[in-house]
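**Student:** Sequence:
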Amino acid sequence: MKTKQPISEFLKKEILRLAAHGYGSRNIAIRVDIGRSLVRRVLAESSPEALKVGISSGSKLAQFQQVITEKVLLGLTTTRILRDIRDIGYSGSRTILGELVANIRVDNGITRKPTAKRRFETDPGQEMQLDWSPYHVQINGKRVKIHVLGVISCYSRKLFFAAFRNERQATLLEGISMAFEYFEGCALRLVVDYVTGNIIDIMCPVSLCGC
Numbered sequence: 001m002k003t004k005q006p007i008s009e010f011l012k013k014e015i016l017r018l019a020a021h022g023y024g025s026r027n028i029a030i031r032v033d034i035g036r037s038l039v040r041r042v043l044a045e046s047s048p049e050a051l052k053v054g055i056s057s058g059s060k061l062a063q064f065q066q067v068i069t070e071k072v073l074l075g076l077t078t079t080r081i082l083r084d085i086r087d088i089g090y091s092g093s094r095t096i097l098g099e100l101v102a103n104i105r106v107d108n109g110i111t112r113k114p115t116a117k118r119r120f121e122t123d124p125g126q127e128m129q130l131d132w133s134p135y136h137v138q139i140n141g142k143r144v145k146i147h148v149l150g151v152i153s154c155y156s157r158k159l160f161f162a163a164f165r166n167e168r169q170a171t172l173l174e175g176i177s178m179a180f181e182y183f184e185g186c187a188l189r190l191v192v193d194y195v196t197g198n199i200i201d202i203m204c205p206v207s208l209c210g211c
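According to the working numbering, the sequence shown holds residues 1 to 211 in order.
Among the hints, erroneous ones may be present.
Claimed, not checked - Using 35 angstroms as the maximum straight-line C-alpha spacing, the simulated DSBU-like pairs for lysine-lysine come out as follows:
{"id": "1", "residue 1": "K142", "residue 2": "K60"}
{"id": "2", "residue 1": "K158", "residue 2": "K145"}
{"id": "3", "residue 1": "K145", "residue 2": "K13"}
Hints in this document: simulated from the structure, not taken from any laboratory.
Small disclaimer: the values here were computed from a predicted structure and weren't measured.
Given these sequences and hints, build the entire structure.
**Tutor:** As structure tokens, then:
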């Protein structure tokens with residue numbers, strides 16, 4: 001009779017914690033460096049009460065995990081899911097939601113089909129748009145999360161981007177200042193792409209493109 005491979009209580013708790021954050025068995029196995037079958041065994045043997053403990057001690061996403069998973073399986077976008085769960089009390093960021101949505105898609109074999117988008121343009125000097133994009137890179141041999149700020153001119157489509165270690169307000173303001181220096185001016189409006197309706201009106205705009 002084949003004996004079960006032993007596993008420590010610490011490792012069990014870590015597996016449950018990751019599962020509570022929406023990670024599937026494949027991603028959990030990679031993160032804790034054990035076989036996927038062992039991860040599945042731990043999850044199968046864990047009681048609903050144990051999983052609830054993991055969820056209650058997790059992130060702001062924990063209580064919305066089931067709702068998010070259902071919406072991902074229905075094919076909804078991260079932006080749509082964010083809007084829906086904010087209506088029922090979610091107060092976290094789009095970044096951590098996007099990571100969870102991506103993990104759920106991978107674990108369920110869901111691939112996003114490219115959709116045609118209308119190119120958005122304005123008159124010279126009218127509008128810029130900005131957005132944050134999270135990435136993981138190797139720095140000094142360690143996997144580090146960075147946040148790339150992109151600012152684009154809606155007229156010329158010229159793009160500025162810079163990488164930072166966080167998305168704090170001071171970092172955002174620094175990035176915007178760097179973008180204005182790069183463009184040698186600013187537009188009348190700066191639209192924050194990841195927050196619907198969030199527009200920064202520039203009080204004293206410096207003209208762009210000769211306008």
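**Student:** Decide, hint by hint, whether the structure agrees.
**Tutor:** Do the hints match the structure? See the list:
no., hint, in the structure
1, K142 to K60, "26 angstroms, holds"
2, K158 to K145, "26 angstroms, holds"
3, K145 to K13, "24 angstroms, holds"
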